[in-house]
Amino acid sequence: EPEVTQTPSHQVTQMGQEVILRCVPISNHLYFYWYRQILGQKVEFLVSFYNNEISEKSEIFDDQFSVERPDGSNFTLKIRSTKLEDSAMYFCASSANGMALDTQYFGPGTRLTVL
Amino acid sequence: AQKVTQAQTEISVVEKEDVTLDCVYETRDTTYYLFWYKQPPSGELVFLIRRNSFDEQNEISGRYSWNFQKSTSSFNFTITASQVVDSAVYFCALYGGATNKLIFGTGTLLAVQP
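Protein chains in written order, with the numbering used here: chain A, 2 to 116; chain B, 287 to 400.
Chain A on its own, in the form it takes in the complex (with noise of 0.2 Å):
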């Protein structure tokens, strides 16, 4: 069964560090999307992308944050200058199309920790 998946599963760095979080969704979704969950909280929405563009993004992602999709394949969320805050687990979801209709299926996660 087709899945998302994740790397690295865990990510270690300094505060102020770049970090990239690297995804790789089902191959013939359309949609994809990043959230995160801070230790022992619930998992907030970050930003979606459609079409390489940015459809929606919350307000957590702000200019410290990008998303691209380099190639056919991968999806990819950037912290430019890690904080302590921004220690979390990262989630990749992918859907066929951006319509209610379709479910978002989840990675495994990321688990960044920013020292």
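Taking lysine-lysine and the BS3-like style, the derived pairs with C-alpha atoms no more than 27 Å apart in a straight line are:
| id | chain 1 | residue 1 | chain 2 | residue 2 |
| --- | --- | --- | --- | --- |
| 1 | B | K356 | A | K43 |
| 2 | A | K58 | B | K324 |
| 3 | B | K289 | A | K43 |
| 4 | B | K289 | A | K58 |
| 5 | B | K356 | B | K324 |
| 6 | A | K58 | A | K84 |
| 7 | A | K43 | B | K324 |
| 8 | A | K58 | A | K43 |
| 9 | A | K79 | A | K58 |
| 10 | B | K324 | B | K302 |
Partial selection, computed: residues in chain B whose CB lies under 8 Å from chain A:
| id | residue |
| --- | --- |
| 11 | L331 |
| 12 | K387 |
| 13 | L388 |
| 14 | F390 |
| 15 | T392 |
For the record, the hints were derived by calculation from the structure and aren't laboratory data. We put the beta carbon where it would ideally sit given N, CA and C, even for glycine.
Got chain A sorted already, so can you dock chain B onto it with the hints?
Quick look at chain B alone, frame taken from chain A:
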């Protein structure tokens, strides 16, 4: 504004007990979708069910059942004859309107003791 409330932070049951996880939602949209996801200790989010606002039929899948009631804005999830493998955090989520983002509740941690 859209909101999902899962008032139960933690539930502990003994294996084979039935357990119901509550979910109450708020939305002004007439068309919306509700979801349940399971997050086991390994951390991934596993899709369980999707329901649209026009379909109030209850659904059963094995030991899982869902009760959607628009009149009370609730979408509750029942596990019958719980098992230790059901131990996880369960999230209810809402999706609707012009947005394509999921709004999650705070989750309910279910611990099933042997």
